[in-house]
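Residue-level listing of the chains:
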Amino acid sequence: MNVLNIQNLSKNYGKVQALNKLNLQINAGQVYGILGPNGSGKTTTLAIILGILKKTSGSFEWFEGKYKNPNKKIGAILETPNFYPYKNADQNLEIVKHIKGSNEKNFDEYLELVDLKDRRKSDFKQYSLGMKQRLAIAATLIGNPEVIIFDEPTNGLDPQGIAEVRKILHNVASSGKTILLASHILDEVEKICDHLAIIKKGKLLGAGSVNDILSNDITLEIGAINMENLKHFLNNFSGISDIKAFNNFYRCSLDDTIKIEDFSKTAFENGIIITHLNSRKQRLEEAFLEITNNA
Amino acid sequence: MATHLIKLEFLKFKNHKTILLFLGMYIVALSLPIFIGGDSEITSAANQYTMDYFLGFPNIWKWYGYYFSWITFFFLGFITLTTVSSEFKNKTLRQSIIIGLTRTDYFIAKLSQSKILSFLSIILFSIIAIFIGIKNSTYATFFENLPDLTILTKGFLLCMAYCGFALLVALIFRNNSLSVFFYVCYIFFIESIIRNSLNYYLNTDILNYLPMNVISNLFPMPVYNIIENTTGTSLMSIDISENGLLALAFTYILVFFGLAYLVLIKRDI
Ligand SMILES: Nc1ncnc2c1ncn2[C@@H]1O[C@H](COP(=O)(O)OP(=O)(O)OP(=O)(O)O)[C@@H](O)[C@H]1O
Ligand SMILES: [Mg+2]
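Chains W and G, in that order, give the protein sequences. The first sequence maps to residues 17 to 311 in my numbering. The second sequence maps to residues 10 to 278 in my numbering.
Chain W with its partners taken away, still in its complex shape (with noise of 0.2 angstroms):
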């Protein structure tokens, strides 16, 4: 089933360009992640998908129109944790769980999962920025939604917060429901997502399963006795392609039509005396650099 469908969406705050006619397609059970740099129009794109924000032109559909009110059915967490200062866990749920009209008896399980339990009466002023951050992710589980929205669920945390808050997600991505992750975090989004789409000033520059995203082709880092010659040779080489210097090597990608022991063998050939070589799979980092720095 069709979750969210974006057709052209557009938004300007005045002069400035938020969203340029972006399209996502979002499909039940994908935990998909939008990945962009700061000000690449993340948090707008989710504002105006949950009523927040007006779009300027385009549209949204959730749930193929199924909901009068899709809200009820999607649990969020937009930029920060948004609660009632002077009231505690338990106080903030219930009110989410009233807004939600759900039926839970009480929180254990929620505050259980996110590790609350035991300051579950202290007002919500007192949290500290990784706990806030936690009750907020309790809450998006009231109701129990079809679907889940995170955006920058790990800032302003400390390595260990971001580490429990990424344990979490993982536990909630494995339950089988939709999620959508914003994040400028590259690390964030590979270890978690099986899609993604990838945005920059408000443009779609690219989307789909993070297997697609992420092109077969082998990033080979290669060092010699003669770089200069290395790098000749490199250059003429056909199957060997986004050359790019480094101290004392290049990094370059190669067609995953041609095996490493023929490269290092020609290489031999042509006299060139390799003294460094790693070979490995590509990283979203440089899908991502060059998807965005070829836009």
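Rather than coming from a laboratory, the hints here were simulated on the basis of the structure. Some hints could be false.
Residues of chain G placed beyond 12 angstroms of chain W at every Cβ, according to the derived structure [claimed, not checked]:
#: 1; residue: Phe44
#: 2; residue: Ile108
#: 3; residue: Lys144
#: 4; residue: Leu158
#: 5; residue: Thr159
#: 6; residue: Ser201
#: 7; residue: Arg204
#: 8; residue: Asp248
#: 9; residue: Ile249
#: 10; residue: Leu257
#: 11; residue: Leu263
#: 12; residue: Leu268
Derived, one-sided and incomplete: chain G residues facing chain W with beta-carbon distance under 10 angstroms [what the hints assert, rightly or not]:
#: 13; residue: Lys16
#: 14; residue: Lys21
#: 15; residue: Lys26
#: 16; residue: Ser95
#: 17; residue: Lys100
#: 18; residue: Gln104
#: 19; residue: Ile106
#: 20; residue: Thr111
#: 21; residue: Asp114
#: 22; residue: Ile117
#: 23; residue: Arg183
#: 24; residue: Asn252
#: 25; residue: Lys275
#: 26; residue: Ile278
Idealized CB from N, CA, C, for every residue including glycine.
With chain W's structure known, arrange chain G with the ligands on it following the hints.
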């Protein structure tokens, strides 16, 4: 549906300290006149009138009504402003909408909140006025002095008008200090400056029909009546029938809430 939304407002604010404090102060302020009165003479525009005359029936409705109109202006206004601006400050309105409250729901909740506050206010108003009246009247019997429907209607419209105006101001400015500042300034300065200067230059009194002047004429300053009675001149700034005044006040209430709804629906949150 509305009860669900009213319960939501109750859940949100039942432990909001500032709002509880304002509510408490509101009740105390409304009750204070109980403690004035006695048998001393009052020096005022008309010396022949005794305390009994002002605080006994039927004048108590006018005097206490005038007092009531000031107290509601401050407290119902501040309470309404605070309930709205605190939700902008904490971004909880944003979050409520994200998780499934519609903007229309929120509006209905605020409208219901205004109706409940106004209703409770006029009940308190009636009880306290009757109490003071009985205390200061020798001849009064309880049943002869129940408030008439016009006074209750006026009181309700007065409260609704301040709630509606405060809701509109809060939804426009969002920030608490700014909206309190504008709310107070509009009534004390902005409208009267517009009214007096334009009336003077245009040589008309049409601007006396600006909203806050109409609202404050629901319970005008009672000495006007006394002065009017003794001098025969009219100081009332609005020359309109009782029903016309009620209709006009009601129209302004519709305008306040209608505009508030539009602002809520149209703007980013
Ligand atoms: N209220 C606003 N008024 C004017 N411009 C805005 C507003 N909110 C966002 N923008 C602009 O819209 C663009 C997109 O911002 P947005 O917050 O959607 O980016 P983002 O991808 O979420 O970035 P980040 O990773 O920093 O959270 C930016 O250029 C930003 O400056
Ligand atoms: Mg953002």
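Non-conforming hints, listed in increasing numerical order: Hints 2, 22, 23 and 24 contradicted; others consistent.
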